[in-house]
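Colleague: Residue-level listing of the chains:
There are 2 protein chains.
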Amino acid sequence: MLNAKDILAGDQRAGAQVIRLIEDHDPAAFELLKELYPHSGTAFIIGITGSPGVGKSTLIDALITEFRNLDKKVAVIAVDPSSPVSGGAILGDRLRMQRHAADEKVFIRSMASRGQKGGLSRATHDAVIVLDAMGYEMIIIETVGAGQAEFDIASLAHSTGIVSIPGAGDGIQAIKAGILETGDIFIVNKSERPGADACAGELEMMLGMRPPSSTGWAPRVLKTCAIDGTGVKDLAKVFLSHFDFMKKSGRLDVKKKETEHLYFQSLLTQLALEKIMQFIHRSPEFKQALNNIESRSMDPISAAQKVVNCLCGLDTQDYKDRR
Amino acid sequence: MLNAKDILAGDQRAGAQVIRLIEDHDPAAFELLKELYPHSGTAFIIGITGSPGVGKSTLIDALITEFRNLDKKVAVIAVDPSSPVSGGAILGDRLRMQRHAADEKVFIRSMASRGQKGGLSRATHDAVIVLDAMGYEMIIIETVGAGQAEFDIASLAHSTGIVSIPGAGDGIQAIKAGILETGDIFIVNKSERPGADACAGELEMMLGMRPPSSTGWAPRVLKTCAIDGTGVKDLAKVFLSHFDFMKKSGRLDVKKKETEHLYFQSLLTQLALEKIMQFIHRSPEFKQALNNIESRSMDPISAAQKVVNCLCGLDTQDYKDRR
Chain A
911 MLNAKDILAG
921 DQRAGAQVIR
931 LIEDHDPAAF
941 ELLKELYPHS
951 GTAFIIGITG
961 SPGVGKSTLI
971 DALITEFRNL
981 DKKVAVIAVD
991 PSSPVSGGAI
1001 LGDRLRMQRH
1011 AADEKVFIRS
1021 MASRGQKGGL
1031 SRATHDAVIV
1041 LDAMGYEMII
1051 IETVGAGQAE
1061 FDIASLAHST
1071 GIVSIPGAGD
1081 GIQAIKAGIL
1091 ETGDIFIVNK
1101 SERPGADACA
1111 GELEMMLGMR
1121 PPSSTGWAPR
1131 VLKTCAIDGT
1141 GVKDLAKVFL
1151 SHFDFMKKSG
1161 RLDVKKKETE
1171 HLYFQSLLTQ
1181 LALEKIMQFI
1191 HRSPEFKQAL
1201 NNIESRSMDP
1211 ISAAQKVVNC
1221 LCGLDTQDYK
1231 DRR
Chain B
911 MLNAKDILAG
921 DQRAGAQVIR
931 LIEDHDPAAF
941 ELLKELYPHS
951 GTAFIIGITG
961 SPGVGKSTLI
971 DALITEFRNL
981 DKKVAVIAVD
991 PSSPVSGGAI
1001 LGDRLRMQRH
1011 AADEKVFIRS
1021 MASRGQKGGL
1031 SRATHDAVIV
1041 LDAMGYEMII
1051 IETVGAGQAE
1061 FDIASLAHST
1071 GIVSIPGAGD
1081 GIQAIKAGIL
1091 ETGDIFIVNK
1101 SERPGADACA
1111 GELEMMLGMR
1121 PPSSTGWAPR
1131 VLKTCAIDGT
1141 GVKDLAKVFL
1151 SHFDFMKKSG
1161 RLDVKKKETE
1171 HLYFQSLLTQ
1181 LALEKIMQFI
1191 HRSPEFKQAL
1201 NNIESRSMDP
1211 ISAAQKVVNC
1221 LCGLDTQDYK
1231 DRR
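So the protein sequences, as listed, match chains A and B.
The opening position of the first sequence corresponds to residue 911 in the working numbering, with each subsequent residue numbered one higher.
The opening position of the second sequence corresponds to residue 911 in the working numbering, with each subsequent residue numbered one higher.
Worth double-checking, as some hints may not be accurate.
As the list claims (entries may be wrong) - Incomplete in silico selection of chain B near chain A, CB under 10 Å:
(1) M1115
(2) L1183
(3) L1200
Said to hold, decoys possible - With a Cα cut of at most 30 Å, we get these calculated BS3-like pairs of lysine-lysine:
(4) B:K1147 <-> B:K982
(5) A:K1185 <-> B:K1216
(6) B:K1167 <-> A:K1216
(7) A:K1165 <-> B:K1197
(8) A:K1165 <-> B:K1147
(9) B:K1185 <-> A:K1197
(10) A:K1216 <-> B:K1147
(11) A:K944 <-> A:K982
(12) B:K1166 <-> A:K1216
To be verified - Pairwise CB distance ranges, derived in the manner of DEER restraints:
(13) A:R1192 <-> B:E941: 50 to 60 Å
(14) B:D934 <-> A:Q1198: 28 to 38 Å
(15) A:L1200 <-> B:G1111: 30 to 40 Å
These aren't lab readings, by the way, just hints derived from the structure by calculation.
Cβ coordinates follow ideal geometry from the N, Cα and C atoms, glycine included.
Here chain A stands alone, though its shape is the one from the complex (with noise of 0.2 Å):
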C-alpha cells in the first residue's frame, strides 16, 4: 500500500508510483499530495531547456555527476510534450543517463502527457511537490523549450539553463525560440565545433541588449561539451552560486509565493472544469447540440453558446439530482 511516510523517507518505488498516479490522473494521487505539500519548498529547481539535438540529456548526465560530487541527492524529470504519439523519449532519454540508475541518491524519471490535454505541466509541478518532498536538494527539469506547456514549466525553475550550439542556434533562431528573456545561465554546448566563440559571443551581445533583469541576476554564458564533461563543473559551480543569490537576495521566497498561487490556480480550474463538464456531457442541451451540429441545422459555434447559456437555468435540485 502507497502511503505519504514511505515517500518522505526518499522510498524510490513509492516515489515512482505516485508519480505514476499523477501521470493517470488518479484522484488517489491528490490525498498524498496533500500530506507531502508541507514538507516541500526546499529543493532548489533548475529548468533545463534548447531544442532537440543540443545534447540536454548528456549534459544533464554530467550535471548530476558533479552535484553528486558535491553529495547533493539529484532527481531530474525529463518533460516529453510530444509523447502522446509516440513515447520514445521515454527510453531514449533514460537510457543516456543509465549510469546513475544504481545510485539511490539519484532519482530520473521521463514524464509523458498520456494524451491529456494540457495537463503536462500541472502534473509537472505535482511530481516536483513529491521529489522535494523524498529530499532531493536539486530537481532538474529537461524540456525542450517550445510550446505553452513547457513555458508553464520553465516558470516552476528557480533558475534556466538554455542550451545551445554553434551554427544551428543563431541569433535569430534563439529571438524565435522567445527565450532570451527566461533565461538565467546559457549553455553553449558541444563547445568543441567550430563557431562555439562566436556563438556565446552572438549570446553575451544579445544579453547587454536585453533590459537589466529586476531580479538583480547578471546572465552568464558558459561554454561546455558534455559529452567529456568539460564545463560542466563551472556549470554546477554557477547554478549554485544563482540558487545562493536567489536566497539572499529575497527572490527566492517572492519566486515561491508566485509558483504556490499559479498552482492553486491551476488546480482550481481543472477541478472546476471537471465538475462543469460532468455536468454538461450528462445534460440535454449536450446531446441536442449534438444532434443540430450532425445534422448541419445549427453550426458549431452557436451549439456551443447554446449548451452554456443554459447553465445559467441550474438550480440546486436539478443539479444534486443528475450526478
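For this one, chain A is given, so just place chain B on it according to the hints.
Modeller: Just chain B now, kept in the frame of chain A:
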C-alpha cells in the same frame, strides 16, 4: 465597420481585422465566425512542421510560388507558441515571405498566443475558418512541431509535411519528437548539404517500420533545397495528389467531421470554463481560499478542492444575483 460580407468577398484588410479580434479573444469574433462558418469547408489545409532552423519559412515561401503558378489562392498562418515572451518571430517570418506581399491572392499572417493559456490552437482553428470562407484554396499552417498546442494544430491539417535537415535531425531525434506517426510527407530540406541521401534513406527505413496507415496513404519522402527552389515543384505536386487521394478515398469527409467535433468540444470547454471561473472568482469561498493559502493554514490542493465542492450548493437564484 467590420462585416462578414467583406470577408466573404476576400477583403484582406477585413480578414486581418477579424483574425486580430480572434487573437484578442474579442467576443465580436464569435458573431462573425457564426456567419462565416457555413461558407467554410472547401480549403485544403496543409501543416508544415519541424524544429527551429530547418528552413520552414523559406520552404513555405517557395511552396507559395509553386501554388501560385498553379493559380491557387494561398494563405499561410505561422503559429508561434513561444510569443507570449518575445513576439520576435512575427517580424522574422513575415520578412522571409515579403516578396509575396503585393500578391492579392496570397495572405500571410503570424499568430501568437498573446499570453492566453491554451487558446492558441482554438485561435488557429478560428483563423482557418476565416481564411477558408475568404476563398483561399490552400491554407498552410506553420508550427515548430513540439508541444501540445502544435499537436492540436497539426490535427487540423488534412496533410502534414514534416521538415528535417541532414545531420541535425537524426533518427533518435525524429522518434523523440514523436512526429513520425503524424506525417504524410517527409521533407529533407537543405538537401545540398552532405548526408541528405542518408537522412532520406533513414526516414524511408523508419517509415517502413511504421504500421501501415489506416488511411491507405503511403507516406512519401522528398528532398528539397528551399533556398533555390530545388524539389519544391515536386513537393507541391505531392501535396495536391495527397489532397486528391483524401477526397477520393472519403478520408477528407471523415477528417472534416472529426475536426468539427473537436472544434465544438473546444469551444464548449472554453465557454463553460469562462462561465464557471467568473462565478468562482466572485465567490466568498475563493477569497477565503486565497487567505488560507497566504496564512499557510491550508495547502493549495485542499483549498482548491474546498472551493469546487461549494459549487454543489449553488442555486439558480444565488447564481443570477451574483452576475
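Colleague: When the structure is checked against the list of hints, which entries are broken? Sort them ascending.
Modeller: Hints 1, 8, 10, 13 and 15 are the ones this structure does not satisfy, whereas the remaining hints hold.
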